[in-house]
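Work out the full structure, taking the sequences as your base and the hints as a guide.
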Amino acid sequence: MANTISDETIEYVGILAKLKLSDEEKEQAKKDMGRMLDYIDQLNELDTEGVEPMSHVFPVHNVFREDEVTNGDDSAAMLANAPEEKDNSFVVPRTVE
Amino acid sequence: MTELDCTAVELGKKIKAGRVTAPEALEAVLARMDRQEETLHCYVTDDRENARKKAETVQAQIEAGTLSGPLAGVPVAIKDNMNTAGLLTTCASRILNNFVPTFSSEAVKRLEAAGAVIIGKTNMDEFAMGSTTETSYYGVTRNPWHTDHVPGGSSGGSAAAVAAGECYYALGSDTGGSIRQPASFCGVVGMKPTYGTVSRYGLIAYGSSLDQIGPLAQDVTDCAAILEVISTHDPKDSTSVKRDDTDFTSALKADVKGMRIGIPRDYFGEGLDGEVKDSILSAVRQLEEAGAVVEEFDLSLVKYAIPAYYVIACAEASSNLARFEGVKYGYRAEGFDGLHDMYKMTRSEGFGPEVKRRIMLGSFVLSSGYYDAYYLKALRTKALIKQAFDKAFAKYDLIVGPASPTTAPRLGESLADPIQMYLGDIYTVSVNLAGLPGITVPCGVDSKGLPIGMQLIGDCFQEKKLIRTAYTYETLRGAFAGCPGKGKEGGQA
Amino acid sequence: MSRQYETVIGLEVHVELATKTKIFCGCSTAFGGAPNTHTCPVCTGMPGSLPVLNKKVVEYAIAVGLATNCTITQYCKFDRKNYFYPDNPQNYQISQLYLPICRNGGVEIETENGKKIVGIHEIHMEEDAGKLIHDDWEDCSLVDFNRSGVPLIEIVSEPDMRSADEVIAYLEKLRMIIQYLGASDCKLQEGSMRADVNLSVREMGAEQFGTRTEMKNLNSFKAIARAIENERARQIDLLESGEKVIQETRRWDDNKEYSYPMRSKEDAQDYRYFPEPDLVPVVISDEWLEEIRSRQPELRTEKLARYKAEYGLPDYDAEIITSSKAMADLFEETVDICQKPKKVSNWLMVETMRLMKEHAMEPEDLDFSPAHLASLIDLADAGTINSTVAKEVFEKVFLEDIDPAAYVEEHDLKNDNDAEGLKAILEEIIDANPQSVADYRNGKKKAIGFLVGQAMKATKGKANPGMINRMLQEML
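Chains as they are written, first to last, in our numbering: chain A, 1 to 97; chain B, 1 to 493; chain C, 1 to 476.
Quick caveat, the hints were computed from the structure, so don't treat them as lab data.
Quick reminder that beta carbons are idealized off the backbone N, C-alpha and C, glycines included.
Each hint should be verified, as a subset may be incorrect.
Derived pair list, reagent style DSS-like, types lysine-lysine, alpha-carbon separation capped at 30 Å [claimed, not checked]:
| # | chain 1 | residue 1 | chain 2 | residue 2 |
| --- | --- | --- | --- | --- |
| 1 | B | K236 | C | K77 |
| 2 | B | K242 | C | K77 |
| 3 | C | K173 | B | K236 |
| 4 | C | K55 | A | K86 |
| 5 | C | K308 | C | K256 |
| 6 | C | K81 | A | K26 |
| 7 | B | K109 | B | K14 |
| 8 | B | K386 | C | K81 |
| 9 | C | K340 | B | K109 |
| 10 | A | K31 | C | K81 |
| 11 | C | K391 | B | K236 |
| 12 | C | K343 | C | K173 |
Here are the simulated distance ranges between beta carbons [what the hints assert, rightly or not]:
| # | chain 1 | residue 1 | chain 2 | residue 2 | range |
| --- | --- | --- | --- | --- | --- |
| 13 | B | H233 | C | A233 | 53 to 61 Å |
| 14 | C | P261 | B | G412 | 45 to 53 Å |
| 15 | B | N50 | C | D367 | 53 to 61 Å |
| 16 | A | A80 | B | A416 | 39 to 47 Å |
| 17 | C | L289 | B | D390 | 42 to 50 Å |
| 18 | A | T95 | C | E362 | 40 to 48 Å |
| 19 | C | F209 | B | G412 | 58 to 66 Å |
| 20 | B | Y371 | C | K244 | 21 to 29 Å |
According to the in silico footprint, chain A covers these stretches of chain B (three or more CB under 8 Å from chain A) [as the list claims (entries may be wrong)]:
| # | stretch |
| --- | --- |
| 21 | 55-68 |
| 22 | 211-225 |
| 23 | 251-257 |
| 24 | 368-378 |
| 25 | 402-408 |
Structural data, given as structure tokens:
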């Protein structure tokens, strides 16, 4: 396997992706990611020199809204699925200040 | 055969003609569900009480002459990644186990306005990540043709429901083949339109630049009629395309004279099951005999589509799925210690292994130091793949190939080796990368008794060529055997 | 401290644009309102929602870019900046990294060493985050998404500033330009203009920049100045004691006058930017650019010249009046009514400024009507009220926007110009104050001031002090 994923990398990816993995899951994730990256490395066989990266397939541009208020108070609907609600707000564990 | 054993469009006509009613059609479907769901598990949620009310209302409107249109009164199933106001929408994930959207997706609204009766929400791979519908948190769906086999995925619930008569048609979504492959595995017709044809508003995103909603149906006529209803220019979706050629049913003509069909040699080489290959090539010969001009060619770059697809789809998914963290909706873990622990526990408990795998890969390929090597490389590859298709479509009206290298695998076979499973997407993902339309039509059954699908790929906005060719083929083929269990008392166990 | 250090400062300035709606949805941007009452699926990150760009945001961003001499990126795109925080509903912010809308501009500032250009590296469009309110009783935080999705531009300067004074000059300049454009009200206190300070120090003459820190939570010019001094000293202390400056984001606490690092180990500061797939590129044609250019309002330099030419204001007056758009607007509106530019300018420069200082107000906070100021000027000019009364009445206009004519009438404040009556009063005063009279007659001319004061007191301030003075001189 050409790509060896270190413990640090998995730890770091866990922070980025906000995932907590058991030791077993970490080992599996290292293996899976290494294999997947090996597979993806096939792309290096392709000469893409000078090729513009394509994010949108069609040359559609300038899709705008006019600056007009169209929404009213929809807070009841927005809060309808909140796991915890207080004072018309979403509740989260205290954030560090 | 009863009056109710028919396609969606046929049913619509019968309801309009007063030969059957919308509530009767719904009850027939619900009765089948009662017999089969325990085995097949096509649905995550069924909404039969509301469906019954809706069927009554629609029937009254049809009788009063205030509602017409080919799909009025016809029962439909919706993939569980499309928002339905007031109806649980889970994406087959634990993390949305209690999510009741307050707005419906645009495609669903279009169907409702056309008088569709929504039966419920169909099972799928969690967040549409998978090719077998086995990654659902709510259990697997089984292939109605052979219940030891998967229905394909990720729209496996929709495909199986159509095949098993648990709806007259269904909506699915296709990010890398998620409509076409399960349609092929279940012996139904599935169509992924050109990117931007159906609004993505209300579709819970997996890979935003690749996702597209489309129909799964019993035949090409249904597909064209459904697509005609759901395609729209939606100002709420910036990537929605304004088109004035969405009268897709006008392309339902049995005539392929002069239609130039390209057969990519790269789609028929190593890795393709012999029975699948023979079946598709014989279908192509039928089209050729009917006047199509068939030619083999080299599409090139085929093997690079999968790695490019997984980089792009996983990168977008890692960002699209960041919103699920237990603050605004859905599952929230208990017993956490502070904010970040809440995020991590909620997401670790809420997402299944395949979703985590893709989120991690996506986070990694976008992370500092790897963006150019992986993400930009994939976007450049995508540009080359698009060029390869442009070149092909300069010569051909459409491209024909398989939808999958094999027929439906047995349950449990695919998940053991993710990369092997990803390789199964080889004939479908490039279509999403290039934004093209594709349709799969059943063209045979293999020795195991599993259906084989033929995939037709068109240039952007050339759905009508696909519909015309697929329709012609269907006419040549004659009635498809149909799923052995469908409609039988007791279903197939 | 033997070594000499130079401070190197660059700013990231966030400005809330004055649009009616948010950047990607039709929710109102109005301040106030109960939590989450200005929200919708888009700005709360509901699954399935999609953003659609507000055209006005692009036009404001272009206007600011043009006014700060930037090159407009005629093919620009949005990117996603990924990070988890509860005020960020999607856990990514839609921003611009790779192709920001404006680049390579700059503005001129005045420094103690003369004029200087502060370069603008780029200006990009992005969405604001929601607000977190900390609930001390429950040990939790409450999330309000009313501000989530409010359009911002972020103006990133080059590291061209060397002192707090230069930073403030630059901010004042930006604020003035943006206010003149009407693109934002730029109130630091309310957060519609926010500055993050990137600061490093290096030994005088060194070519390489030192390691920089980023300071956040700076809510006033004073806080900015204090934070800069504090951070400069902190970094020099570190270097002097042989330690290294760590590249980090710090939060300024203006009450305690100190800063502390903001991020925990859970923040990797790796934002994984990638092109936003839900939005299409913005293509700005030459025609569109020209249209916006032609619509640009008169900026300060042009106004300054016009005030001198058209109204004959002295340089000094014109400089002060045009130093804020709100002041200039008030000036022009008042002059339009009373046609007395110099008088209007005097009232604004002297009494208005004095009261603003007394009440710690910014020009943007002025809310009295130009018609009332014009009316006051006319009353004073006509001699209907004397200057002391006029100042009193103006204070009422300033604070309560009263109608001066009605107020003067109601409180009986008109000048008492009855010469006979006044003469009688003055005679009494002369009789009652022999010492002052004697002093005046003996050449102590100032003594008359006391007598005038007594007369004003006796007339309850309604008499015309000039008239009293003249009459007293005659009588003595």
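Could you work out which earlier hints the structure fails to respect and list their numbers in ascending sequence? Hint check: 3, 4, 5, 9, 11, 17, 18, 21, 22, 23, 25 fail, others pass.
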